[in-house]
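*Asks:* Letter by letter, the chains look like this.
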Amino acid sequence: MPATVVRHQDNLTTRRLIAERTPGHSLPAPFYTSDEIFDLDLDAIFGRHWIFVASEAEIREPGDYVTVEFGKTSLLVIRDDDENVQVLHNVCRHRGARILTPGSGSVGNLVCGYHQWTYKPDGTLIWAASAADDFDTSCHNLRKVAFRSIAGLIYVNLSDEPNDDIDEVASIVEPYFEQHQLKRAKVAKQIDLIELGNWKLTMENNRECYHCDMHPELGCTYFITWGYPEDAIPPHLQETHERYLSAEAELERKCVERNLAFKGIEELDTRTMGFRVQREALDGEGESYSMTGAKLVNKLLGDFDDAKLGRLSMHTQPNFWCHFMADHAITFAVLPIAPGRTLVRTTWLVHEDAVEGVDYNVDDLTYVWRETNAQDAAFVELAQIGVTDPAYIPGPYVPSEYQVDAFCNWYIDKLNTHLDAEAAE
Amino acid sequence: MPATVVRHQDNLTTRRLIAERTPGHSLPAPFYTSDEIFDLDLDAIFGRHWIFVASEAEIREPGDYVTVEFGKTSLLVIRDDDENVQVLHNVCRHRGARILTPGSGSVGNLVCGYHQWTYKPDGTLIWAASAADDFDTSCHNLRKVAFRSIAGLIYVNLSDEPNDDIDEVASIVEPYFEQHQLKRAKVAKQIDLIELGNWKLTMENNRECYHCDMHPELGCTYFITWGYPEDAIPPHLQETHERYLSAEAELERKCVERNLAFKGIEELDTRTMGFRVQREALDGEGESYSMTGAKLVNKLLGDFDDAKLGRLSMHTQPNFWCHFMADHAITFAVLPIAPGRTLVRTTWLVHEDAVEGVDYNVDDLTYVWRETNAQDAAFVELAQIGVTDPAYIPGPYVPSEYQVDAFCNWYIDKLNTHLDAEAAE
Amino acid sequence: MPATVVRHQDNLTTRRLIAERTPGHSLPAPFYTSDEIFDLDLDAIFGRHWIFVASEAEIREPGDYVTVEFGKTSLLVIRDDDENVQVLHNVCRHRGARILTPGSGSVGNLVCGYHQWTYKPDGTLIWAASAADDFDTSCHNLRKVAFRSIAGLIYVNLSDEPNDDIDEVASIVEPYFEQHQLKRAKVAKQIDLIELGNWKLTMENNRECYHCDMHPELGCTYFITWGYPEDAIPPHLQETHERYLSAEAELERKCVERNLAFKGIEELDTRTMGFRVQREALDGEGESYSMTGAKLVNKLLGDFDDAKLGRLSMHTQPNFWCHFMADHAITFAVLPIAPGRTLVRTTWLVHEDAVEGVDYNVDDLTYVWRETNAQDAAFVELAQIGVTDPAYIPGPYVPSEYQVDAFCNWYIDKLNTHLDAEAAE
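Chains P, D and Z supply the protein sequences, listed in that same order. If you use my numbering, the first sequence corresponds to residues 1045 to 1469, in order. If you use my numbering, the second sequence corresponds to residues 1045 to 1469, in order. If you use my numbering, the third sequence corresponds to residues 1045 to 1469, in order.
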């Protein structure tokens, strides 16, 4: 049947599913399992909103690139000869061959492996052998993608008319990141992990610490009272909470002294580019994600002279979170592959002058989050299998999961906006 | 399009396929290959009829459990603290995580691995940390599934209004099983085998011995004239048939003497819960499924003092058959995974006091049916590949395959009943 | 919904896609990626046109067979007891089991492994044990498929009313193959390679040498100026072109002298059974596909006494090409498995009296095309991944890719013809 009819009917089904959603509860199963909803997510969410793809520290020199895959899309994030960032579709304009295979590296020009059509790192076609006389190379440059860097964090927007909420969000959050000087950082390690669950389960899992008793390594430094309302701290975490309050007081003093932004701002479901940013204290030594809380990199980021600055954490809807400490930073990109498969790309960043084996050790640097990610992947898989069971009924979030609920609210709202726009066409 | 419209159109397609079926012939291809029919099977057959899942011998003590998976469903068959059987959906009522991973074992309580919501073995929610003040635990118990034990064989029914034909079937067949005393048995071995074919091909394969020349190990004891009409015994099996008649006469004498039910009752396609039950003689020593027919377990089931009691075999539509000898019993559960994938779970049961390595040896005990199952799996795979070929035309069953036809009749009749009920809604 | 309605709606979608195709450009993505179009290809193209399946040299003796699989179809190409070729559906007429597993070999009769129904190599059912009294074996022979041998190359047509364009094509091309005497050849080696791309990408890749700089081994003998218009030879191939012209002149003299057909005939998109045939010179020693161009088999095909006869190459739409040299021949069959999976079966044929290890060495014989096929498989995979990307836009073929365009024209025309015929039903 005509595509418009199909779309209309699919949209009716989605509207009904949306209507079935009970606020404060997990989503109806098809949002996690259906192929149609997954395609809709790629269109309405990953095709219209600002998606984190990489940080500038991943492409420091001209020709440096990293590819980013989600759905069937492959993007090429590359630094061009003028040292500008470019984001290009990784598809040759001749017969569509993939130009660079997934990964990162450095190139002079972008040469398609099939018939050697050659593009500059900014996407300009400069060579197509034996083309017809009337062939216009300028019509066959690689397709560009809109992007914006927030303090060195690169976001893309696949829409023809990207929303501009990112400008205001950038102006709010950039001050928090300033002193970490991400542009002077480099990649210490990047790990791609495939979680056997829907991308939304990955995001939901990250928005609550209700499960954090199951993260022993993370719990050495991360106050696992995170997300609990003041009056709902469980008894076994009361002592932790006391330490948290005292550590927070110390951190606040330091931040004021050093002009470091720290105040929590939470607009997870109240704007187009939902986000949350806050600098918070760490437990133990309070410096970094180690087993004791002591720093993991001797050379600190930017020009910091104090390692004990807690963690600056930011979350942006729909696919990003990060932690910036004084000694290193970690970014997380959530990239949907299929309804039940999601890539989580974790990148550890250190000062450009930090020397591996001298200033830091990669195994130690990555230990806590490697363990934590593996534990989270297991939770996401359990959840995916369970919500696929016909017996699954959406269940209630507890108060400390209010940010999960906010994520779902944001998501449902953006679907509605998208469907309204389609209906108005 | 609206789900009801889709369902109506799918139903029209199914009705047409049903109309295409020629009695006495194998089913049209989509019944074996289509995703839509597979979903319908899970709904109309596995969602409405009595499905064998386990025997009570598999869960002897409080906390003992075994999971059973078919389609996307996972059931938890468990013995509760009051020593009662419970069948629960294996899905947490919080955010839907799978509670126990597939397998068997023993637990104190059922603790979800994600956020530690804790349920008693009877499904009662007893702990949800930091829930809201108005949270009502009693509304969040694990969902229960209707079940009924026939002589220790546990059947479940996923329907909200389970049909009650199982009561009458139970009253008919229980006398056959009484003296085997399944409740005093234990598991000697359980093997899960995945057959690369539709579940109906697995069932059809089991309802005829026309292929039994290809089961050399089974043929040592099983009279492979089984299913042949008296006047259609093939010449090469005439001698076997003579031995069968003589063995049957001896078995009948014994059964009468010992008050053991033995008479064949066959209602495969003439009632809601189609079944067949009969005690029949075995060849060779006549005691058990060994290569000579000699018993494989020294300690006999129940209080038997004679090993030569043939095999008590029962078949229930849609997913079960079994063989109970004097020395051990074997149950077979057929569990659909996908249109072309089926799990066959075979369980060997012995007297609870039989000692492994002394009274029996697991390799010997399981040998004949491990070989037979592997041969059958190969046949089912050949059939699945062939019926998927566009050149496949349903072919005629021969007279000794009349029970295969009865299985198909039962299946088609139950689909019709289901579609009629849906149409009446 | 009724199948006819579904078909009508699918056809509308296909018509729209066809309308979107720009001549001179690669096809819109769904032609390479969609399940529906793949099914249509199997129906409209592989179900109606003449498909190459094997050469007679693969089945020299009664009982010799080779199976050929595409889509869900398995065909049995077999030599019967009267030494005639037969092509049969590889599906038992009883309950549909696959009769022979994929591969080649030799049989006395065709015995189904499930219930031993037995057929002669010509498909006649000769044994069905214990069938009913009124069972008519003559109604249950294996289903036959129309076929035609062109100079020993066996083509099948699955349609009930095969088009007869093959007769005229045969009369045109058979003279070219006569002296190679394929019926006196035997298989030296057959290799099945799975390419991770749509079958049309495999065919397209074969219809141009624009990518041949990436085939170093092939380029030792194959003039990689092939396909370039005279006025568009790239500068770096000018020297090659000079050698080509001189080699062609020599070959033409020889062909005239020996009454060998050599003139190029190209009707790729101008008739029902599109084809191209031509004898062309080889580079280097000019004899065969070796690294120097020297012959690879001492015993030449047929009664040739001169090894330097270049290559006789033929292409037939939709799934075949071949190269016949004086010393050996190579056939290529392209067999679709799934939208993104294609089997390429390459068969090396030598004189029946050539002795392995004496007259030829299999590793050397197959080296150039094993390397070339592997390189092509990589290109096809790159193309498949790229056209699956939502950012893919069909791109322009360059002049030397005009035969790729002709393939697409033929394909689109045949789809239109098929849809017209369906609409007229």
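Warning: the hint list may mix true and false statements.
Identical copies go unnamed one by one, so any copy, or any two together, can satisfy a pair.
When the alpha-carbon atoms are kept at most 20 Å apart in a straight line, the in silico EDC-like pairs for lysine to aspartate or glutamate are as follows [unchecked claim]:
#	residue 1	residue 2
1	LYS1188	GLU1113
2	LYS1116	GLU1080
3	LYS1298	GLU1466
4	LYS1227	GLU1205
5	LYS1116	ASP1079
6	LYS1227	ASP1125
7	LYS1298	GLU1329
8	LYS1116	ASP1177
9	LYS1227	ASP1208
No lab work stands behind these hints, which were simulated from the structure alone. Small disclaimer: the values here were computed from a predicted structure and weren't measured.
*Asks:* Each hint needs a verdict: does it hold in this structure or not?
*Replies:* Here is what the structure says about each hint:
Taking CA atoms no more than 20 Å apart as the test, LYS1188 paired with GLU1113 passes inside one copy only; the shortest distance there is 15 Å, against 42 Å between copies. Proximity of LYS1116 and GLU1080 under a CA criterion of 20 Å is satisfied in both settings, with 14 Å inside one chain copy and 18 Å between copies. For the identical chains of this complex, LYS1298 and GLU1466 are neighbours neither inside a copy (50 Å) nor across copies (69 Å), given an alpha-carbon limit of 20 Å. For a Cα distance limit of 20 Å, the shortest separation of LYS1227 from GLU1205 qualifies neither inside one copy, at 28 Å, nor across copies, at 65 Å.
Proximity of LYS1116 to ASP1079 under the C-alpha cut-off of 20 Å is found in both arrangements, the shortest distances being 13 Å within a copy and 16 Å between copies. In this assembly of identical chains, LYS1227 and ASP1125 lie within 20 Å of each other by CA distance solely inside one copy; the values are 17 Å within and 62 Å between copies. Proximity of LYS1298 and GLU1329 under a CA criterion of 20 Å is satisfied intra-copy only: 15 Å inside one chain copy versus 82 Å between copies. In the homo-oligomer, the alpha carbons of LYS1116 and ASP1177 never lie at most 20 Å apart, since the shortest distance is 34 Å inside one protomer and 45 Å across protomers.
Within a single copy, LYS1227 and ASP1208 get their C-alpha atoms no closer than 23 Å, and across copies no closer than 70 Å, so neither meets the 20 Å cut-off.
Checked against the numbered hints above, the structure violates hints 3, 4, 8 and 9; every other hint is satisfied.
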